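K.L.:
What follows is each chain in one-letter form.
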Amino acid sequence: MSKKVLDALKAKFGDAIEATDDQHGDETAFVKRDKLREIATWLRDDKAMAFDAPVFATCVDLLDWRPVSIPHTPSTNTRPEYDGAGPRFEVCWQLRSTTHRHRIRIKVRVTEADPKVASLTPLWIGFDWQERETFDMYGIRFDGHPDLRRIYLYDEFVGYPLRKDYPKEKRQPLVRRPDLVGDH
Amino acid sequence: MSDTQAPPPAPDTVTVTIDGVAVTVPKGTNVLEAAKKVGVDISAFCYHPGLSIAACCRQCLVSIEKNPKLQPSCQSIATEGMVVHTKDAQSTLARKQMLEFTLVNHPIDCPICDKAGECTLQKLYFEHDAADSRVDTPKVHKPKVKDLGPNIVLDAERCILCTRCIRVCDEVAGEHQLEMINRGDHEELTTAPGQQLDNPYSLNTVDVCPVGALTSKDFRFTMRAWELDATPSVCNGCATGCNIEVHHKNGRAWRLVPRLNPAVNGHWMCDEGRFTYHELREARLAGPVVGGLPSSWDKALKAAADKLTAALKDPGAVAVVLSAQASNEDNFALAKLAAAWKAQVFATGRPAVPGRADDKLRDADVNPNWAGVKAIAAAAQDLAALETGVNTGKVRVVVVLGHDLPVSATAHGRLREIDAVIVLATHDRGPAKDATIALPIAAWAETPGSVTNRDGRLQRMHAAIAAPGQAVAGWEAVVRLAQATGVKLAWTQARDVWKDMTAAVAPWKDQPWGREVRPMQLRFAGSRG
Amino acid sequence: MADLKTLVVGRKDAVDLDVEQELPHELMTVNMGPSHPAMHGTVRIVLTVDGERIVKGDVQPGYLHRCFEKESEYATYTQVFPYTDRLNYVSPMINNVGWAMTIEKLLGITKQLPRRAEYVRVIVSEVSRITDHLTCVGASAMELGAFTPFLYFLKCREWLYTLLEEVSGARLTHSYVRVGGVSKDLPVGWTDKLLARLDEITAVMVEVEAMLNQNKIFRDRMAGIGALDREACIKWGQTGPIARAAGLDYDVRKDYPYSVYPELEFDVPVGTTGDCLDRYLVRIEEIKQSMRILRQAVAQLPDGPVMIDDPRVALPPKTDAYNTIESMIRHFKHIVDGIRVPAGETYAFVEGGNGELGFYVVADGTGRPYKAYVRSPSFVHLSTASTIIKDHLIADVVPIFGMINMIGGECDK
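Protein chains in written order, with this note's numbering: chain A, 1 to 184; chain B, 1 to 529; chain C, 1 to 413.
Be a bit skeptical, because a hint or two may be false.
[Unchecked claim] Straight-line Cα separation of at most 27 angstroms, DSSO-like style, residue types lysine-lysine; simulated pairs:
no., chain 1, residue 1, chain 2, residue 2
1, B, Lys-96, C, Lys-318
2, A, Lys-4, C, Lys-254
3, C, Lys-155, C, Lys-288
Quick caveat, the hints were computed from the structure, so don't treat them as lab data. Being a predicted model, the structure only gives us computed values, none of them experimental.
Can you make the complete structure from the sequences, with help from the hints?
P.N.:
Now the structure itself:
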């Protein structure tokens, strides 16, 4: 994993890169939401970057983020405790380059009130189902996704189960609602 | 290059250096507390911020420059320019050896010990030592299930002789009931001559005990500590309003423990308050009752509406009784409805217990919220006036919040004959038992709300467990009742009630609702005590 | 002729059936699965077909979703191992190893594992890889009508499962690997048994290849079907045998080597067209390469402990835990609190039976993961299915689906 990807990003996009991180050899760039498409396209098309392979897309819900320190053990964490005020979700995509063998993780912070972000499926079709899964589990809406609907859960499901405030033991009986269901 | 000078330190502070980091603390702070400020955790057993310093456990030894020997950081007061090392070879070795020494005679009780999961000895050993034992001698045996008093059992083998419990009894309860006897290996905790551990603050010793030597009879063997979730709240046992944590799991409260509030209760609470969680599960009203038979909300509200609409035509025929046992929100909602109905407003609570008051925490007034009720409805009359109204037949419908209605036997008889007694109650007792209509409401630990203590302090309670059956928050039951009689109260969550309440009641103006608190799992706490 | 028709049909207004008629050709919606013999691991495909030809396919996974990620947030890091077994349940050791490697990366102890532990992990992973490929090829062959290779391969698989049962105590749900090593050492004499079985499996493979490789029916049904070329594979995020069959030379063991793979010699088979036949051939060759790795690993297997010697990570020996308070406390804190991993996040990945299997874990300093996301290769591969099956016949869905090797547990988590 080379640091030059992060340096090149910062050089090209300046403040659109809100922060960078490098934990355990994984480079991460936090980007501004409205610049996401532009940055992602450059990462794919630029010859020195050449991130052509999608790896994964997911989201981190920070609602219960209260890191605890362990005595005599350093930690690489840079994220402070969640105070309820800042953006609650970090939407992440991991990319890989087949030719240059480097990897990068792009993150966009979104709030609970406006959980929308541009979809990267038009750029890398491999993110198709993973973005659907993130929508299904966290409620993040991907603008520009060709077919954003639930994937693991049934259409009548209410709520977004991987969010921290969805109780693990909660049960929802399935009540079929044909008017809510797609083309089947 | 900074263009501003750092401000000179305030006159009553000192600056010390701990592990190379400078920290400024108020004069009189000990080194242990100063280290906490920079995130350095010097282990300690016998030190407790709410008790006097004993410095007997020697776990907190650190190296302080210009001192040839290691010093106990709990007893060393920080002085200007002091340089402290906690990670040097000598202090680290002292810490490990002290733990090794403590563990030499410690019984292998973790699987059956209540403190497991929140045990300071477990935590400190794992974090600071983690080495194997070097001795193979038989351990010293002491009494293992010794009844110290009505609430507490002692396991003397587990005791690490920190003397925190002795100091709690002496300083917090003001009664000398515990002592150490014998010396060396055979030193043992026991009750003072002729005494039992029965002071009203005895269970605080269980909180401060760093190991499982002192266990509460009420809690032992019922639930494992690491499985519990902690939600902050306020004790509803009396008007002091000690800040507490409700420890709950799976929708059930398992114990109450005090939460630090230097202004109200410090680190402590009384035993009687700790037991108030039992009544959350006793004889609860889980569904509406109409005429003694279980019913539904729709039917109960319709029956109530019929009786009320008829009675409301006659001013003064409807009486509303507020409760000092209920939260501010419930009382405010009912008072507002009473105003819309132009009904008479009364207020009641449990009778005071004069012998209960002491100069520590316990108050004679066993109601948590008289101050709140008085602030909300200053003109509320007492029950003597209600009795007159009922006896003369002027009052035809009584709406009661809670289940205290201390009226005379004649009035009770008359109450059975009037049009309706509508009770909004948590439990199926008192007036709820023979009410015309009983509507179930949530108790203090089941819904967000607030109470006002004897000093007028407004304190928030958070919801820890779910209300049973079809019970809803008291203010929500009031909203439903209002809707049934054609009065619109536009509240959908407790926060809305709070907003109107703090706007209407002058001393509470501008008090913030605060953040919704997520229950904290006790596994984050690491250790308690 | 009209009289003959009237005679035959018996009606005067009979329509002349010799005349060409327009057959109705509306599209038809046909449902495949989730309960279907060929839909391994419960997947539903809603096919819109024009006769036999597929116009559109809507692949709907999720019938086996068991909330791995949510449950992991409430379990300690060691308690997650049984959950990982149930991800790709035909090669569970590899999932275990992947999870262990991620936590070790967060703890920073990746380089401190004992050598024997690393070799044991490689050995059991490769045995699991063989069982994965045997199941995939055997089941796919059976769905095309070849019952014999299925039974032959299942016989081989059962030999391997018996060996893994001797190691871990279970045929499938091993939970054998731990953070810092493996939970117990290999039984005495196990490696000899393994080598003997490998020879027997080699003999069975000769038989099965003789039955399938030049079999006209098999080739007709597999060759040219479901092709996905190299560029498409990259865009779709394909890895593992599917990508290699298309010519994309990507194997995590070679490109981002981990554990002791750099010390073992093996080749990575790469195909050309990316159709089902190439995928089959790649898998067969990979079984042979895995056996080659196993023979080397057994020969190089060193002596020593199988668990790291770090009290923060390893459980104490049971005799100590029952007899000294120190080990009792250590055991207790491990079980109750879990291994405390310092706050941070990382993504670590291994070469699973199906491709790059990765775990993205966010740790918060307690003994339980804050977030544990599985990058499951089957999920990503199945997303191509609706594109691949377009313009194929319904019958082609079977080999395509079989060669994608979508494992329900991994796809649906």
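K.L.:
Please list, smallest to largest, the hint numbers that this structure does not respect.
P.N.:
none
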